[in-house]
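Number of protein chains: 2
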Amino acid sequence: MEHNLKEFFDKTLKEVSLDCTVFGFHEGELKVLLLRWKGTDEWSLPGGHILLDESADDAANRILTQRTGLNDVYLQQFYTFGNVNRYVYHPEKELLQKLEVTFGKGFFEGIIFRRVVSIGYFALVEFAQVQPTPDWFTDECRWWSLADVPNLLFDHNEMIERALKALRQRTRNHPIGYNLLPEKFTMPELQRLYETILDRQFDRRNFQKLLMSYDILERLDEKRVGAANKSPYLYRFVKEKYEAAVLEGVSFSM
Amino acid sequence: MEHNLKEFFDKTLKEVSLDCTVFGFHEGELKVLLLRWKGTDEWSLPGGHILLDESADDAANRILTQRTGLNDVYLQQFYTFGNVNRYVYHPEKELLQKLEVTFGKGFFEGIIFRRVVSIGYFALVEFAQVQPTPDWFTDECRWWSLADVPNLLFDHNEMIERALKALRQRTRNHPIGYNLLPEKFTMPELQRLYETILDRQFDRRNFQKLLMSYDILERLDEKRVGAANKSPYLYRFVKEKYEAAVLEGVSFSM
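Quick mapping for you: the protein sequence lines, in order, are chains A and B. With full-length UniProt numbering, you'll find the first sequence wraps up at 254, consecutive numbering, no jumps. With full-length UniProt numbering, you'll find the second sequence wraps up at 254, consecutive numbering, no jumps.
It is worth saying that the hints were derived from the structure and are not from the lab. One thing to keep in mind: the hints can contain errors.
[As the list claims (entries may be wrong)] Pair ranges (Cβ atoms, derived):
id : chain 1 : residue 1 : chain 2 : residue 2 : range
1  : A       : Asp148    : B       : Tyr87     : 25 to 31 Å
2  : B       : Met254    : A       : Tyr233    : 30 to 36 Å
3  : B       : Ser145    : A       : Gln97     : 55 to 61 Å
4  : A       : Lys239    : B       : Glu243    : 53 to 59 Å
5  : B       : Lys165    : A       : Leu96     : 51 to 57 Å
6  : B       : Gly28     : A       : Glu248    : 40 to 46 Å
7  : B       : Arg200    : A       : Lys184    : 52 to 58 Å
Every residue, glycine too, gets a C-beta built ideally from N, C-alpha and C.
Using the sequences and the hints given, assemble the complete structure.
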């Protein structure tokens, strides 16, 4: 679809794009999915353009499916970036010269200096289920630990910051975890997820007590084999109750 | 500026607009500011286009100042509306015919059927300070009680609904009132504001206890003359403490 860029652009909104901060949770760390642009060491968030005949949400879902292989990803719009100096492609000469090595001289002509507003989404996905897939502009798609994220193209570092803030806000008002954890998990794993997102430590008993009070968890008759902690019981979310709690909201305050 | 529409549009983004839900509080009710389109009985939210050389936030501030006469209004972006069927002007023939009576035949030609994404803002203002001012497209600008809002143009009813939801969310996590109440107010007036926004009743003592625990209010040595309630003392927000609490967040849960 993107092979003929002009043809593709003719079918999209030109002044509006979207970008997705895709959060995963792995080995006690929050990860984000980044793309490396062809022929460069420059990284950016996954994103793209909205087709004239699809809504912004549909576009975000389409792009997320293309980059992760997943359908029905948890996706939330959190902020729209409308600064004056935002462009579809970064107007700095150096970057353009690098990109033209790959894409050919003059490839970006005519579309480079168009100001663009970008709708920011964040997605919560199960790390192990994702098949990171680059797009037509990029060579590589892979997970980065949040702490190691390099200087990104455009305003994408600011986007990740704001996405994290929105995720934290959500964590204080809604149950979280259904989209980020595997089906079965231990209480310490769930606690570690909350601690990682909110960047705080919680008391083990109080955490368990509060989470159980939401009435969204089911303790299974299974234990984590070989676990190095004191609560090796496995839990899972009761989907209907979890979804009801999402709609109603809960207060996570410890 | 807007007298030559084509000239004005040449200086703006064309696929992105913004719309503002301006909340005021008066006589125990939430109000919103609406505009009546020239020569019609059709109402819409205040809104407009983003100049190429201003950010979305600057545009929202500019438009708000034009419609209210106020500077430095509390303004929060809450959602971007990106459905497929959004247009700068409503593509329904009937409305266009009405508008063409005022604006002249063919006036909207060429710009009518452009799909547009709109960034939604809500504003909190002090009712008595606002001087409602129509724009070039409208004859009238006035407050409506939230309960009486008619069927609006475009998707503006949905916008108000979402704005209210965002305001409620904010009220649960942040102090509220500084922008909506006059400088001095009674505790029952503040309680009524919270009750109106959240559409619930609160116990008088518990409400006062919780609000005082935020340490953002100062009780004055003045009483409301002629007040028909039991707590006629006047209060005001201590600005620096209020602002610190806004940054840090508070939990309003009763």
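Outcome of the hint check:
no.: 1; hint: A:Asp148 - B:Tyr87: 25 to 31 Å; verdict: violated (44 Å)
no.: 2; hint: B:Met254 - A:Tyr233: 30 to 36 Å; verdict: holds (35 Å)
no.: 3; hint: B:Ser145 - A:Gln97: 55 to 61 Å; verdict: holds (59 Å)
no.: 4; hint: A:Lys239 - B:Glu243: 53 to 59 Å; verdict: violated (42 Å)
no.: 5; hint: B:Lys165 - A:Leu96: 51 to 57 Å; verdict: violated (42 Å)
no.: 6; hint: B:Gly28 - A:Glu248: 40 to 46 Å; verdict: violated (27 Å)
no.: 7; hint: B:Arg200 - A:Lys184: 52 to 58 Å; verdict: violated (38 Å)
The structure is inconsistent with the numbered hints 1, 4, 5, 6 and 7, although it conforms to all the rest.
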